[in-house]
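There are 2 protein chains.
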Amino acid sequence: MMRLRRIPLTQIICMGLLVAVARADEGMWLLDRLPEAELREKFGFEPRPDWIEHVRRSCVRVGAGGSASFVSANGLLMTNHHVASDMIADLSNEANDYMKSGFYARTLAEELKCPQTELSVLMSTEDVTARVNSGVTPELSAADAQALRRKAMAEIEKEARTRTGLTPEVVELYHGARYHLYLSKRYTDVRLVFAPEAGIAFFGGDLDNFEYPRYNLDVTFLRAYEDGKPARTEHYLKWSAAGPKEGELTFIAGHPARTQRLYTVEHLEFLRDVHIPLVLSAYNQREVALLQFMGRSPEIKRIATEDLLGIQNGRKAYGGILEGLLDEQLLAQKRKAQQELIDFINADPRRKAAYGGAHRMLAEAIDRCRPDYPAYMMTTNRRTSLGRLYGVALKLVQAAAERARPDGERLDEYRDASLPSLELDLFSEAPIHDALEELRLSDGLVRLGRVLGGSHPVVKTALAGRDARSRAAELLTGCTLKDVAVRRKLYEGGSSAIAECDDPMIRLARELDPLVRKYRAKYEDEFEGVEKEAYGRIAAALFELHGDRVYPDATFTLRLSYGTVAGYDEPDRAVPAMTTYRGLYKLAAQRDNQPPYELPARWRERKDKLDLNVPFNFVCTNDIIGGNSGSPIFNRDGEIVGIVFDGNIHGLVWDFQFDMKRARAVGVHSRAIIDALEKIYDASPLVAEILGR
Amino acid sequence: MMRLRRIPLTQIICMGLLVAVARADEGMWLLDRLPEAELREKFGFEPRPDWIEHVRRSCVRVGAGGSASFVSANGLLMTNHHVASDMIADLSNEANDYMKSGFYARTLAEELKCPQTELSVLMSTEDVTARVNSGVTPELSAADAQALRRKAMAEIEKEARTRTGLTPEVVELYHGARYHLYLSKRYTDVRLVFAPEAGIAFFGGDLDNFEYPRYNLDVTFLRAYEDGKPARTEHYLKWSAAGPKEGELTFIAGHPARTQRLYTVEHLEFLRDVHIPLVLSAYNQREVALLQFMGRSPEIKRIATEDLLGIQNGRKAYGGILEGLLDEQLLAQKRKAQQELIDFINADPRRKAAYGGAHRMLAEAIDRCRPDYPAYMMTTNRRTSLGRLYGVALKLVQAAAERARPDGERLDEYRDASLPSLELDLFSEAPIHDALEELRLSDGLVRLGRVLGGSHPVVKTALAGRDARSRAAELLTGCTLKDVAVRRKLYEGGSSAIAECDDPMIRLARELDPLVRKYRAKYEDEFEGVEKEAYGRIAAALFELHGDRVYPDATFTLRLSYGTVAGYDEPDRAVPAMTTYRGLYKLAAQRDNQPPYELPARWRERKDKLDLNVPFNFVCTNDIIGGNSGSPIFNRDGEIVGIVFDGNIHGLVWDFQFDMKRARAVGVHSRAIIDALEKIYDASPLVAEILGR
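As given, the protein sequences belong to chains A and B, one line each in that order. Note that numbering that gives the first Met the number 0 gives residue 44 to position 45 of the first sequence, counting from 1, and the numbers run on in steps of one. Note that numbering that gives the first Met the number 0 gives residue 111 to position 112 of the second sequence, counting from 1, and the numbers run on in steps of one.
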């Protein structure tokens with residue numbers, strides 16, 4: 000399943016702001032800059048402004064990692080089960096395990112409020128490039144220029160918030176060629192309406208993840224509330240009961256998180272040889288530790304399942320990317336394109352003066368950042384954290400210091416515009432399970448030592464002269480941060496409250512914070528500064544080379560992609576575009592109905608009610624990536640024909656190169672969703688709301 | 000379970016030949032150098048020469064990784080199920096899965112011949128130090144001196160073989176302070192007599208591995224044959240039907256593979272920061288890959304189980320060692336002892352001249368070998384190989400080159416004395432499963448890239464410009480080496496046959512061999528040479544400091560340890576020395592009889608026949624390590640009271656430091672074995688043979 004591979008916000012903002020040249024059905028297009036000529040020529044389709052506006056306001060961004068869409072005027076929205084599974088797991092307990100049993104609220108009163116959830120809808124965009132760059136002169140150093148831009152961005156956001164009451168964000172596009180002010184409406188009261196059993200949402204589990212053919216009902220319905228009542232949502236996507244046909248034009252609108260399509264060869268080699276191996280090694284260690292841990296009892300298994308699914312998904316995704324990057328043929332294409340661009344730049348003295356040296360500059364910065372990169376990763380990346388309570392402690396410690404500074408000088412995630420999200424996270428009542436925290440912490444401590452070596456200052460500070468297990472026990476025994484009131488008090492008390500606090504986890508965060516900041520500053524100053532400058536030049540040169548057939552690299556902002564429903568060929572077989580319910584039952588039988596191919600009881604009992612020829616999942620050529628999970632797939636009339644939940648294994652290379660020979664987006668068919676709701680789940684009221692009956 | 004952590008023979012021979020100073024029940028003693036004073040003082044026991052000779056000749060070394068003992072005059076021998084599980088798995092197929100069902104041959108005719116198995120019994124030892132060192136003068140370089148010694152060793156072995164017909168091996172002890180000629184009797188016709196179900200042999204699986212209390216019937220009976228008839232074994236250990244009592248003196252004789260008790264702090268830091276992280280990262284990746292793979296079908300699960308068990312065991316063992324080495328308190332003890340030794344050396348000009356500088360010299364060599372160590376590990380270590388067929392191909396390629404050289408100039412594993420083992424391995428008929436080979440190869444190729452980076456010559460050579468999956472398919476499709484006759488022909492054809500062979504796997508091995516040799520030579524020359532010299536000095540200084548209360552570090556040669564049956568304390572509870580059958584059934588019930596706590600059907604059905612108070616497993620303070628698996632535990636009368644199958648988690652640090660506060664050896668009780676054979680397996684004839692009735 001195409002979970003967003005979680006990356007710190009700083010990375011999303013700073014690393015992926017590139018441009019790319021479109022080919023075939025390629026492109027994650029900004030809604031105000033669609034490839035109109037291509038759509039007209041290939042499909043005879045011309046998107047009208049009201050069509051675009053309607054799509055934009057029907058699309059929803061979920062928390063820090065997924066997409067959704069409104070499907071009724073009463074705030075009903077559809078996303079993937081795997082996007083909502085954090086919420087579903089948080090709402091579950093030993094007695095009511097909704098991950099296992101599924102959930103359906105027949106009435107509004109039965110809908111369950113999800114802790115720690117944030118949705119947002121993009122209401123308007125505005126180009127603020129000139130204002131962000133005002134005062135920035137060529138004489139300024141990169142760091143000074145960036146500081147000036149940050150200050151301007153903070154002011155623009157502050158002013159916009161006061162003026163509109165909406166949530167502002169200045170987003171950087173085309174690697175700084177453009178800055179847009181995005182104004183979003185936020186929903187924080189979100190309730191669970193319907194979720195199927197994890198067994199059918201993720202049928203085939205990790206084994207079939209990123210594979211095709213597939214048979215997953217990876218769908219969940221939520222409802223946005225305002226002032227305690229269902230939100231009134233004027234814009235929502237209507238439903239196509241028939242669903243898509245083979246060859247039909249499909250649109251996907253959602254929030255692809257990050258692509259690196261313009262990365263230089265040297266940068267890709269750095270990902271291949273340094274970054275991805277670190278990530279994979281962290282994933283592999285944690286997956287093994289979790290599998291061991293989950294053998295202890297069914298309850299332990301339940302509480303750790305979410306962590307496991309996330310880890311397995313990431314491991315498979317990054318493993319696929321690594322395999323792609325190890326394929327010399329793919330890198331050879333990149334190398335050729337890069338040389339062509341360098342030749343184009345050098346062929347003209349003006350271009351050479353404006354864009355020259357970018358590739359070399361970047362390669363040198365990569366070499367410089369390499370030695371301390373593991374320490375940066377281990378202290379900053381969410382994938383390598385020491386558990387939820389340590390995460391809370393570090394945020395409290397950093398927030399105290401950062402909030403005392405002017406907005407423009409803060410670390411990104413502590414700027415005023417980001418504080419609502421920070422607070423939502425810090426004060427979430429989502430349950431924290433002692434045993435799971437202990438595992439995360441002790442495994443994380445060992446991982447620090449394994450990656451950085453036992454003499455590294457980070458490791459010595461973290462272990463404090465103890466063995467990992469004893470240290471984890473010591474830190475957790477005295478930790479008071481499970482209590483949200485304690486967190487709130489520390490947050491409100493600021494620097495003095497933090498300084499006086501003798502909670503062992505706060506103490507650890509206080510001791511590690513200077514190191515965390517040191518490696519982060521080093522990376523951001525030495526690498527990201529150069530990266531920004533270099534990709535700015537590369538992007539500009541590409542603009543000049545290719546004209547305006549370009550889209551910005553994905554940045555977790557709203558994008559639209561187009562394509563068609565189409566199967567593909569594997570070396571040994573043709574893979575049809577669609578699967579059916581019949582295929583689902585056949586596969587379950589082949590695998591003796593054993594996990595992960597075990598059908599939930601309801602699906603076994605009600606098989607006869609289903610028309611087994613109904614299409615279940617399908618693939619299309621639309622250009623998507625992690626973060627697109629939960630995006631609606633719709634037709635030219637703006638009617639939902641399905642929902643994206645995955646890409647196939649060939650699509651993993653889409654991070655850095657689009658290809659439509661075999662790579663595909665994978666979705667659930669709209670008719671299958673309706674059939675399941677009616678015949679398996681007796682959810683006629685929900686169906687009526689969706690179909691507008 | 001305490002599987003031998005597999006290491007190439009070169010490492011066993013070259014890395015672990017140190018001495019250590021004994022404390023408490025510490026010590027893996029040579030049989031001709033037992034701690035007589037201690038045994039007398041502590042236990043009033045004086046081992047007579049005939050007692051020692053009888054023990055020596057009753058003990059058996061299994062293949063390249065375990066221990067066993069003769070238990071009847073007709074070649075019957077006992078080892079662990081997990082030591083024999085390679086053989087049991089090789090004898091199994093889809094129709095008869097003896098791992099799952101267990102196996103019992105009621106008659107000689109029913110005994111099954113194990114492919115690729117080699118047992119040996121140490122018949123005599125002789126000190127050949129003077130002869131090995133003859134001609135070695137202080138003027139010679141370390142490399143020249145070593146070449147001279149190797150030549151002498153080869154000659155000694157050759158001569159001994161001709162003279163005695165036995166299998167000779169010159170073993171290095173006390174890091175070269177002593178060389179002993181070991182003459183062994185080899186058995187290659189070994190048959191399976193009895194194996195329980197894996198479900199009871201490894202009850203609790205990976206979850207309970209290295210834990211205590213335990214409930215494992217980790218025992219298997221084999222029979223050595225000579226000339227097609229059961230071997231007549233004059234020396235064998237009699238059986239104690241009553242088994243051991245708490246506090247009773249216990250001996251363990253077996254083949255501990257490798258300890259590093261004298262390693263310097265810097266060397267331990269190298270293990271902690273470089274070697275073990277590489278190993279663990281390889282294990283984690285493979286474990287995750289195998290678990291995915293095994294979900295494909297029950298048959299795939301069956302064929303991959305052996306690989307998985309080995310990987311999980313190694314991962315847990317190395318993980319425990321890493322945790323131990325990350326414990327600053329433990330390293331602080333080492334640091335203190337090291338400083339005392341350095342002070343002792345420096346306090347006297349003669350000692351300083353003889354032993355000084357060893358620690359510094361070693362630290363510098365470690366720093367030098369660090370950059371290319373990953374390439375050495377990835378190309379030489381068995382844990383990081385590219386599968387069985389590649390292993391066969393590389394051996395064939397290297398054997399062709401090496402056998403053309405004089406014996407003394409060859410790589411160790413191709414010396415004449417090693418050829419019988421090499422040939423046994425090369426020409427083994429053990430089944431090779433296509434799907435498993437493909438997994439090992441493609442996963443191994445990705446691991447190469449992940450560890451070494453995509454631009455490394457080893458990776459580029461191995462992938463040959465393809466992606467890992469396509470490359471694996473290409474290599475396996477054309478590979479002819481599954482056919483043992485093909486291997487034999489290539490082996491016999493020597494260099495010209497290899498040069499002309501166009502098997503893709505042989506081609507790959509031919510292309511990689513220069514790189515394999517380059518990194519190995521670099522490591523052996525730059526590191527092992529210095530290591531040998533440095534530890535030689537350190538060992539000699541320690542002899543001088545501590546007198547003769549020393550034993551050599553483990554080297555997979557026969558050793559005797561002593562101790563007592565004793566429980567221990569965990570922070571939160573006292574752990575009794577023994578478990579019972581009652582405890583087994585209780586635990587199975589607590590875990591709902593689900594894997595890995597699922598009792599085999601026979602055990603569920605025949606519960607009533609057992610006396611539930613019979614002791615099942617027990618712990619003792621004897622000093623053991625990987626390779627000791629299958630060692631007999633016996634009393635002062637030389638009667639078997641149990642069999643070693645594991646150490647507890649605290650015993651993992653025994654690799655580099657003995658401690659008897661909580662660390663324990665874990666064994667199966669002799670009475671439990673008899674009871675199970677009689678009451679669960681109806682194996683009265685086997686019991687009669689064991690008890691000499």
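These are computed hints drawn from the structure, not numbers from a lab. Given the structure is predicted, the values throughout are model-derived calculations rather than measurements. Some hints here could point you the wrong way.
One copy or two, either will do: identical chains are not told apart, so a pair holds if it fits within one copy or between any two.
Derived lysine-lysine pairs resembling DSSO-like cross-links, with alpha carbons at most 27 Å apart [to be verified]:
1. 228 <-> 521
2. 481 <-> 150
3. 459 <-> 333
4. 459 <-> 335
5. 585 <-> 244
6. 585 <-> 521
7. 99 <-> 300
Hints, verified against the model:
In this assembly of identical chains, residue 228 and residue 521 lie within 27 Å of each other by CA distance neither inside one copy nor across copies; the values are 48 Å within and 73 Å between. Proximity of residue 481 to residue 150 under the C-alpha cut-off of 27 Å is found in neither arrangement, the shortest distances being 35 Å within a copy and 68 Å between copies. Taking the shortest alpha-carbon separations for residue 459 and residue 333, only the inter-copy value of 17 Å comes in at or below 27 Å, while the best intra-copy value is 42 Å. In this assembly of identical chains, the alpha carbons of residue 459 and residue 335 lie at most 27 Å apart only when taken from different copies (19 Å versus 46 Å within one copy).
In this assembly of identical chains, residue 585 and residue 244 lie within 27 Å of each other by CA distance solely inside one copy; the values are 23 Å within and 58 Å between copies. In this assembly of identical chains, the alpha carbons of residue 585 and residue 521 never lie at most 27 Å apart, being 55 Å within a copy and 56 Å across copies at closest. In this assembly of identical chains, the alpha carbons of residue 99 and residue 300 lie at most 27 Å apart whether taken from the same copy (12 Å) or from different copies (26 Å).
Violation of the numbered hints given earlier is confined to hints 1, 2 and 6; the remaining hints are satisfied by the structure.
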